[in-house]
Every structure is written in C-alpha cells, then in structure tokens.
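Asker: Here is what each chain is made of, one letter per residue.
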Amino acid sequence: LPVINISGCPIHPDWVVETLLQLGRGTFSQADLDAFNRPRFYTNHLVHHGCPRNEYYEYKASAEQLSNLGCLMEHLGCMATQVHADCNIRLWNGQGSCTRGGYPCISCTEPNFERPSHPFLETPKLAGIPTGLPTDMPKAWFVALAALSKAATPYRVKSNAVADTIVTPPSGAKGKKGK
Amino acid sequence: MTRRIVGPFNRVEGDLEISLEIKDAAVQAAWVNSPLYRGFEQMLIGRDPRDALVITPRICGICSVAQSLACAEALADAQRIVPPPNGALMRNIILGTENVADHLTHFYLFFMPDFARAVYAGEPWFAEVAGRFRAVEGTGTRDMLPARSAFMHIMGQLAGHWPHTLGLQPGGTTHAIDSAGQARVLATLATFRRFLEAHVFGDRLEAITSLASADELDSWSARPQPARADFAAFLRLSRALSLDRLGRASDNFMSFGAYALDGKHHFKRGVRVGGKDGDLDSSRISEDCASTWMMHRDAALHPSRGMTVPDADAADAYTWCKAPRLSGKVMEVGALARQVIDGHPLIRNLAAASGGNVATRVIARLLEIARLVPAIEAWTRDIKPGEPFFTQAAMPDEASGSGLIEAARGSLGHWVTIKGGRLANYQIVAPTTWNFSPRDGRGIAGACEQALAGAPVQQGETEPVTVQHIVRSFDPCMVCTVH
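Chains A and B, in that order, are what the protein sequence lines are. Using the numbering used here, the first residue of the first sequence is number 1, and each one after it goes up by one. Using the numbering used here, the first residue of the second sequence is number 1, and each one after it goes up by one.
It should be emphasised that the hints constitute simulated quantities derived from the structure, not laboratory data. Hints may contain errors.
[Stated by the list, open to error] Cut-off 30 Å, straight-line C-alpha distance, at most; resulting in silico cross-link-like pairs (DSBU-like, lysine-lysine):
(1) K329(B) / K125(A)
(2) K158(A) / K384(B)
(3) K268(B) / K329(B)
(4) K158(A) / K125(A)
(5) K139(A) / K150(A)
(6) K125(A) / K150(A)
Construct the complete structure from the given sequences, taking the supplied hints into account.
Answerer: This is how it looks when you write it as structure tokens:
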C-alpha cells in the first residue's frame with residue numbers, strides 16, 4: 001500500500017480509526033483509495049450529501065448572511081457540492097457539520113484548499129453566476145435548471161432561506177384531524 | 001555543575017525543549033526553548049480580513065475556539081460592532097466548553113500520569129494513583145474519555161464541530177437554537193455534571209465552589225465521598241510531595257477577563273502585581289525579542305505595531321518564542337491567575353500562603369471546572385429563542401482592532417491592522433508565550449524559567465520528575481506559543 005492520505009482540517013476521528021481498524025483486519029487495499037490515496041469510504045461522498053439545506057439548494061433559495069437557514073453556495077462560499085467527504089452523513093461531535101453549524105464548507109479535504117482564489121466566506125461569481133458549479137453537471141444545464149427552480153420556489157422555502165429560524169412551517173399535514 | 005537538555009516532552013501539544021543547569025541536587029537555572037516556528041502571522045498578511053477566522057483557529061487543535069474568539073473580537077473591534085446578547089451567550093457556552101474540556105484533559109491525560117512513574121513506586125499512595133492515572137491503562141482514562149466525548153456534543157450542536165469552527169463571528173454566532181436546542185444542551189450538561197460529581201469531585205459542584213480556605217478544602221477532602229474521588233487523590237499526593245513548594249514563579253498574575261457579557265466579565269479582568277490588585281492597561285504590553293530567533297531585536301514593541309521576521313542565525317537567541325511583558329514585568333497567566341484576579345476566596349487563601357506553584361495551578365483548574373459548568377448551564381437558560389444571534393456588518397477598508405480574551409491556559413490577544421481592505425499586520429500573543437517566555441533584554445527569565453529554578457533533582461535522574469511536574473503545571477500549549 002502507498003502512504004494513505006487522510007485529508008481534512010480537521011479530520012474526522014472516525015476517518016483515522018476506521019482506516020486503522022481496516023488495516024488491522026487486513027481488509028484494506030489499493031482499491032479502497034481514491035486518486036489522491038484518500039480512503040474511499042469517506043471520499044466517495046460529497047459534503048453536500050445529507051446537508052439539511054438541500055431543499056434550499058434545489059430551489060436556489062440562498063442565505064444572504066451567515067446564520068440564515070438558506071443554501072450557502074450562491075453567496076457565502078460554500079463548496080459542499082464539489083468537495084469529497086461524508087461530513088453531513090457521518091456528522092461531527094455527535095451531531096454537527098459545517099453547514100449544520102451555519103457556515104460554509106471550505107473544501108478542507110481537497111488539495112490546496114488553503115489558497116482559494118477568493119475570500120473563504122464569499123462565492124466567486126462571473127456575471128452573477130457562481131464560477132464553482134457541481135463538477136459532474138453541464139454548466140448550461142445547471143444555469144437553466146437554477147433559473148427554473150428559482151422561479152418555482154415555494155414561499156415557505158424562500159422566506160425561511162433568509163431567516164435564522166423557521167418562519168414558515170410546512171402547511172397542514174394531509175389526512176384527517178382526530179376529533 | 002552539569003548542563004542537561006530535557007525534551008522533547010510527550011503529552012504536550014507541540015514541541016518543547018528545556019535546558020537545565022544542575023548543581024547540588026537542584027536546578028540552578030533553566031532556559032525554555034520552543035523549537036518549532038510556523039509563521040501564521042505572515043500567512044495572514046495581504047488576505048481578506050475575514051480569512052483570519054479560517055486560518056487562526058488552525059494554529060491549534062486544542063485551543064481552536066479560543067483562537068476563533070480572539071480573532072472574532074479583534075475583527076469586531078475593527079468593525080466597531082458587538083454581537084447581540086444571544087450571540088454573546090453562545091460564545092461563552094462554546095468557549096467555556098472548550099476550556100472545561102482542556103482542563104479535564106490536562107488533569108487526567110497530561111499531568112497526573114507523571115505520578116505513575118517508577119520513581120514513585122515506594123510511596124504509600126502509589127498503587128492507588130498508578131492504577132487510576134497510568135497512561136493508557138489507568139481506570140481514570142476509561143471514565144473520563146467517554147464523558148468528555150459526550151460533553152463535546154455541545155460543540156457539534158452549537159458550533160458545527162470542534163476543533164476549527166467558523167461559527168464564532170465578529171457579529172455573533174451562526175447557528176440559532178430554539179427552546180428544544182436549549183433543552184438538548186442542558187441534557188448534555190446534566191450528564192457531564194453527573195460524571196464530574198461522581199468521579200472528579202465526589203460532591204456537588206456547588207460544594208466545591210463554596211470552599212473558601214485551605215482549611216475548608218482539607219476538611220472537605222477528608223469526608224468519605226470526596227475522599228474516594230480524583231480531586232482528593234491529588235490533594236493527598238500533593239500534601240505528601242509538598243507540591244505547594246514546587247514551581248513558584250514571579251507571582252505576578254494577569255487576566256484579560258473571561259466570558260464577556262453586557263460589558264462585564266464573568267471572571268474579572270485585571271492584574272495582581274507584588275501582592276496588589278490593579279487594572280489591566282493593555283497599552284503597556286510589549287514583546288521583546290532579545291532571546292528570540294527574530295530580526296528587530298533592539299526594540300520591545302506593542303503588538304499593534306509588532307513584527308515577526310524570523311532570523312535563524314540571530315546571535316544569543318535560544319527560542320522562537322518572543323518575551324511578552326506588561327509594563328516590563330513577567331506575568332503568569334492561566335486558571336490560577338484568573339481565579340486570583342477574580343478573587344475566589346479559596347484560591348486567594350491558597351495563593352496568599354504559597355503563591356503560584358504546582359499545587360495551586362492544578363487546584364485552580366479543577367475549581368474552574370466546578371465554577372464553569374454551572375455558568376454554562378445558566379448561559380444556556382438565558383438564551384432567548386427567536387431573538388438574533390448574529391449581526392451583519394461591513395468590513396472597513398482601513399481599521400485596527402484587538403481581541404483580548406482568556407483561553408484555558410490564560411490570556412490570549414490578537415491585534416489586527418487592515419489597510420486597503422486587506423490584512424496589513426496580524427500579531428498574536430498566546431498564553432504559553434507569556435508563561436514560557438525566554439529571557440528579555442534585561443536578562444529577566446520568563447515565568448516557567450523562574451519556576452524551574454530551585455527544583456530538586458534526584459541522583460541519576462536524566463528527566464527530573466520535578467521538572468515534569470513544574471512544566472506541566474502550566475499546561476503548556478507549544479503550538480500556540482510561537483504560532
């Protein structure tokens with residue numbers, strides 16, 4: 001096996017422990033490493049996966065400032081759709097992640113994350129469109145879908161996106177009220 | 001006269017080496033060397049000011065939140081903003097949680113395992129203490145680590161994760177909680193309190209915080225329940241080894257004030273110099289580089305004008321650590337200094353009798369755990385769901401500011417200068433920079449260097465155990481020291 005790179009700043013303790021345990025059991029091989037020799041068990045996911053802000057992302061309902069509930073990608077520098085790690089599936093200190101804590105993913109599991117071309121808390125844009133779009137989706141499609149979904153955003157999602165706590169709950173549950 | 005170098009030290013965050021001059025079975029003089037230079041202050045220059053919130057916490061994996069908060073306060077000072085009350089409460093909860101975890105880690109994992117060394121095998125208390133505190137194998141680790149881990153769920157809930165949160169911002173905190181969130185924090189705290197009361201203290205936290213003198217501490221620790229817990233075990237061996245006569249430094253204490261709320265500090269800001277209380281005048285802080293591998297060694301500068309230009313060939317230098325002074329004086333910082341300055345009667349009484357030493361430093365840390373957990377409970381209850389946690393404000397193009405806070409290990413300051421919308425200067429003075437300072441331009445030794453002078457050395461010891469106790473009594477964080 002080559003040197004195994006467990007990337008992240010910080011790294012999740014499970015990433016280390018589960019790698020060591022697999023090595024100890026003799027069940028870890030080259031096939032378990034990605035192109036940067038990072039363990040695939042955490043880099044086969046994107047930080048975006050499991051993010052509780054996913055509905056806001058779908059409708060491009062964006063947070064305007066830190067502490068807002070909306071998606072952090074459009075304005076606040078969030079890289080979660082492009083960054084390999086299972087942060088929002090595995091969770092940190094029992095229940096956290098960057099986006100759950102109210103701040104953007106800064107790509108800390110990827111090479112050279114410490115030198116972005118823009119301030120960490122700001123999304124670089126070209127003609128109002130974020131330059132860092134999901135890597136495996138044609139840009140034109142993304143832009144078209146974003147425009148469409150923005151137009152279709154429910155009031156609930158739009159209003160909650162720029163609030164710090166839920167201001168518009170989902171409308172009444174289907175089914176009959178008991179008497 | 002023999003000269004000996006002790007180090008590297010294990011169970012210390014970062015790199016540390018100490019040179020000792022030993023004669024007549026005692027340390028005559030000590031030189032503390034921080035052998036690792038990293039350059040965080042230079043990394044920041046030229047960047048967007050907000051990037052400092054990402055970079056400075058990464059100085060350290062154990063005092064990360066403290067670095068975050070000092071940075072957030074320095075930027076808030078530059079922006080002339082204060083967080084809303086909920087944001088201030090959340091900061092206190094998050095910093096308090098880190099500080100309690102650090103104190104607990106220090107006691108169980110860094111400090112106590114030295115008493116399980118073979119050199120103590122003949123002592124009457126040895127079997128009990130070694131069984132409880134021997135590194136890795138001791139039963140104490142098994143009790144403490146799961147309790148600490150569950151306690152740190154507060155960080156996951158409120159700050160996203162620990163270390164290296166971006167949740168502490170100049171305008172407050174980024175994650176608003178509701179009443180259910182408050183209940184969850186309180187439930188985590190209740191579980192942790194049960195661990196502290198069962199294993200660490202053997203009594204209610206309030207019974208510890210109400211102790212007012214050495215006599216009260218002695219009679220309390222002899223009672224059956226407390227006597228079976230870990231604090232009393234330390235007090236017994238401390239008496240047996242006279243740890244209160246080991247490791248005295250200048251007895252000049254400083255605290256920047258901890259846990260700000262409504263313009264006041266939960267633990268007071270101030271100094272105690274030559275046995276007298278005084279106000280802190282932070283304009284009188286300077287950093288001297290006479291013994292440091294740096295350029296610009298002729299002038300001791302205030303950190304707002306400070307410079308960090310490394311020079312590995314500097315003559316007569318022996319460390320990367322600068323020598324911070326307040327009005328030219330060596331200051332000791334940490335839990336002991338905080339509790340002395342805050343005027344806690346037990347610590348005042350102990351310090352009046354024996355000053356700052358190995359015993360009082362450890363007792364002050366444990367007392368602080370007992371004082372902080374009820375404070376965190378109160379701050380959590382005081383949060384008003386629905387009210388703001390965060391204030392948005394623009395970053396000025398030209399500004400300067402400072403953030404003076406208390407980390408677990410003592411006073412931490414960040415000084416920032418912004419020009420043309422970019423960081424033009426960033427200076428950090430960390431707690432262990434104060435405590436593990438080298439000699440200054442007048443040849444005055446730093447706090448730990450002073451504390452080591454006079455330490456007894458037994459025949460044939462290559463790593464004198466007393467030196468281990470004294471060094472660890474400060475709970476050094478070497479990665480913060482030089483940064």
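Asker: Given the hint that K329(B) pairs with K125(A), test it: the Cα-Cα distance must not exceed 30 Å.
Answerer: Violated: K329(B) and K125(A) sit about 51 Å apart, past 30 Å.
Asker: Does K158(A) pair with K125(A) here, judged by a C-alpha cut-off of 30 Å?
Answerer: 21 Å, holds
Asker: Is the Cα-Cα distance between K158(A) and K384(B) 30 Å or less?
Answerer: 25 Å, holds
Asker: If you draw a straight line from the CA of K125(A) to the CA of K150(A), is it 30 Å or shorter?
Answerer: 17 Å, holds
Asker: Does the structure keep K268(B) and K329(B) at a Cα separation of 30 Å or less?
Answerer: 20 Å, holds
Asker: Keeping to a limit of 30 Å between CA atoms, is the pair of K139(A) and K150(A) held or broken?
Answerer: This hinted pair holds, its Cα atoms lying about 16 Å apart.
The structure fails hint 1 only (numbered hints given earlier).
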